[in-house]
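Chemist: Residues per chain, in single letters:
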Amino acid sequence: MLDITDLRVTIGGRDILGGVDLSLRQGQVHGLAGESGSGKTMTGLAVLGLLPHGARATGSIALEGRDLLGLRPKELNRVRGGEIAMVFQDPATSLHPMLTIGRQLTEHMRHHLGLGRSEARSRAVELLAKVRIPGPEEAFGRYPHQFSGGMRQRIAIAIALACSPKVLIADEPTTALDVTVQAGVLRLLRGLCDDLGLAVLLVTHDLGVMSAVADEVSVMKDGLVVESGPRGQVLRTPSHPYTRSLLDSLPEAHAVPGESGQQSAGDGETA
Amino acid sequence: MTTLTISDLVVEHRSPGRPVVRAVAGASLTVSPGEVVGLVGESGCGKSTLARAVCGLHPAAEGEITFGGRPVSPLGLRRRELTAIQMVFQDPYASLNPRRRVGDQIADGLRTAGDTTTAPADLLERVGLPREFAGRHPHEFSGGQRQRIAIARALAARPSLLIGDEPISALDASAQSQVARLMRDLAVDSGAGLLFISHDLSVVRLIADRIAVMYLGKIVEVGRTEEVWADPKHPYTRALLGAIPQPDGLGVLPAELPGDVPDPADPPHGCRFHPRCPLVMDVCRVKEPDFGPVACWLHAPE
Ligand SMILES: Nc1ncnc2c1ncn2[C@@H]1O[C@H](COP(=O)(O)OP(=O)(O)OP(=O)(O)O)[C@@H](O)[C@H]1O
Ligand SMILES: Nc1ncnc2c1ncn2[C@@H]1O[C@H](COP(=O)(O)OP(=O)(O)OP(=O)(O)O)[C@@H](O)[C@H]1O
Ligand SMILES: [Mg+2]
Ligand SMILES: [Mg+2]
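Protein chains in written order, with the UniProt record's numbering: chain A, 1 to 271; chain B, 1 to 302.
Everything labelled a hint here was simulated from the structure, so no lab data went into it.
Cβ coordinates follow ideal geometry from the N, Cα and C atoms, glycine included.
Among the hints, a few may not be true.
Examples of chain A residues toward chain B, derived with CB under 10 Å [stated by the list, open to error]:
{"hint": "1", "residue": "Met1"}
{"hint": "2", "residue": "Gly34"}
{"hint": "3", "residue": "Arg110"}
{"hint": "4", "residue": "Arg121"}
{"hint": "5", "residue": "Arg123"}
{"hint": "6", "residue": "Asp178"}
{"hint": "7", "residue": "Gln182"}
{"hint": "8", "residue": "Ser245"}
Not the full set, but computed from the structure, chain A residues with beta-carbon under 8 Å of chain B [as the list claims (entries may be wrong)]:
{"hint": "9", "residue": "Arg78"}
{"hint": "10", "residue": "Gly82"}
{"hint": "11", "residue": "Pro144"}
{"hint": "12", "residue": "Ala176"}
{"hint": "13", "residue": "Leu177"}
{"hint": "14", "residue": "Gly229"}
{"hint": "15", "residue": "His240"}
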């Protein structure tokens with residue numbers, strides 16, 4: 001679906017990515033973990049052609065055979081937001097502060113999918129409900145600052161999904177969410193992969209999240225992918241010392257809560 | 001002396017042509033000097049609104065916030081340098097000025113505290129960043145790096161109360177526990193209180209003395225961290241702890257909380273949690289459980 005080969009990025013002479021290889025497959029979630037500052041966000045931005053000013057990228061990023069690094073800005077524009085969508089780490093980056101969220105959702109669909117006004121509106125309300133925004137009809141006319149941080153993140157996810165992309169790059173999409181809402185978003189992502197064949201690159205530092213939805217896991221450090229493999233293998237028998245150190249920092253903190261025999265209230269309802 | 005006391009706080013958001021949103025709907029909480037209180041709860045339940053009210057950035061519609069016995073007065077964002085309360089905002093861009101070098105912004109905090117011996121680079125080092133980052137601007141950093149800078153900036157001012165609103169959400173697991181511990185140590189060693197808002201329950205468990213669980217504008221459970229973790233009482237707290245995904249590599253999707261996320265502009269009658277509660281009883285539909293430490297009819301005081 002999407003193949004990143006030997007991707008190198010430099011900004012002002014500094015090496016940010018030193019030859020990243022990653023491939024996303026249809027219907028699969030590829031999890032990307034790694035040290036803060038290791039280049040996870042830059043990898044996502046490179047795919048969308050949104051690297052910061054002054055950055056140089058070499059290597060190849062192939063979407064179904066087309067090399068995105070070689071596309072002209074106009075062609076890339078069509079790919080971005082249409083075939084490939086991104087949810088940014090900072091929801092402020094995805095949302096325009098002066099436009100209602102309804103307008104941002106529908107404009108996207110009308111531009112990329114050519115939908116009519118009312119059709120776009122009903123699809124937008126449907127998407128808002130899907131990401132569990134309370135009162136979606138009413139929320140449609142509100143501005144980003146009138147929502148909480150986590151709600152803004154969910155709205156950004158709705159916008160990314162608006163045009164039924166083939167590839168979704170989700171940069172820390174659930175870090176601003178509490179675990180119950182996170183569970184809903186993870187189920188949504190998993191469902192989109194299973195039902196619609198979406199390919200997802202999921203950047204997350206939360207190994208629990210990784211374990212819940214990722215099929216493949218890659219780990220980055222200093223601008224390189226240092227380990228890559230099926231979820232079970234990377235999380236259970238990691239081969240790189242950094243991955244091992246990440247896992248080692250967990251067990252004590254991640255002990256299962258409610259050990260006194262109490263059943264969690266969520267159990268049985270949705271499992 | 002400098003205890004933060006929040007009593008029956010109500011904070012409302014009003015926007016023209018929209019129903020009033022009671023984001024905080026009667027919440028009470030204290031943070032003592034040297035104490036770390038973890039505030040957790042569903043996205044949109046009012047945690048940031050509560051924190052911003054404590055900083056004087058939202059007025060209280062009802063109830064009271066006092067710090068060291070004196071009411072907290074509304075302040076502009078610019079004047080926060082002058083206060084004993086420092087906040088690390090959920091959006092690190094809100095804590096940092098995009099046009100100034102990060103070293104200069106940290107220096108402002110040091111000046112407030114009258115600290116002439118610490119250099120901005122020393123603080124960067126303490127939060128695990130290279131000293132030479134002081135000369136760069138906020139946009140030149142990754143998400144996690146920006147969060148650490150915001151923490152360094154807040155710590156520089158030596159606050160008597162530090163509020164962290166999701167201050168470490170962008171860091172990797174090992175860095176998270178390291179920076180969270182650092183915040184705890186710096187606060188506790190200087191006798192400051194720390195109100196720590198986080199969705200990451202394992203980190204809250206690591207550093208908080210007490211946990212407060214918020215649902216739709218109210219604190220529904222408060223208790224010592226070990227007790228709440230080992231024996232959560234409110235059904236919402238149980239759902240929350242039960243939804244933590246485990247890093248076991250098994251691909252198990254965590255349990256979702258059933259039902260719709262309620263709208264704070266139109267909260268359910270009776271107990272606010274009743275439409276989603278697996279243990280709902282008749283009384284829950286009609287009467288709000290207005291008591292602590294567990295606001296649930298299953299745990300009503302005798
Ligand atoms: N505009 C920029 N100019 C120069 N360097 C930058 C710029 N943006 C980011 N960097 C640097 O590029 C490196 C990689 O950043 P990136 O945002 O990809 O990290 P990340 O892996 O997403 O980290 P995090 O988990 O903290 O979000 C970092 O060292 C960062 O300091
Ligand atoms: N300026 C505003 N105008 C109108 N409503 C607002 C405003 N700011 C917040 N709200 C609403 O108030 C409620 C509480 O928001 P708040 O930001 O306090 O939540 P939170 O608990 O911090 O959530 P999160 O975990 O997602 O950050 C939400 O329903 C939100 O939509
Ligand atoms: Mg990043
Ligand atoms: Mg918030």
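Chemist: Check each numbered hint against the structure and report the violated ones by number, ascending.
Modeler: 1, 3, 4, 5, 9, 10, 11, 14, 15
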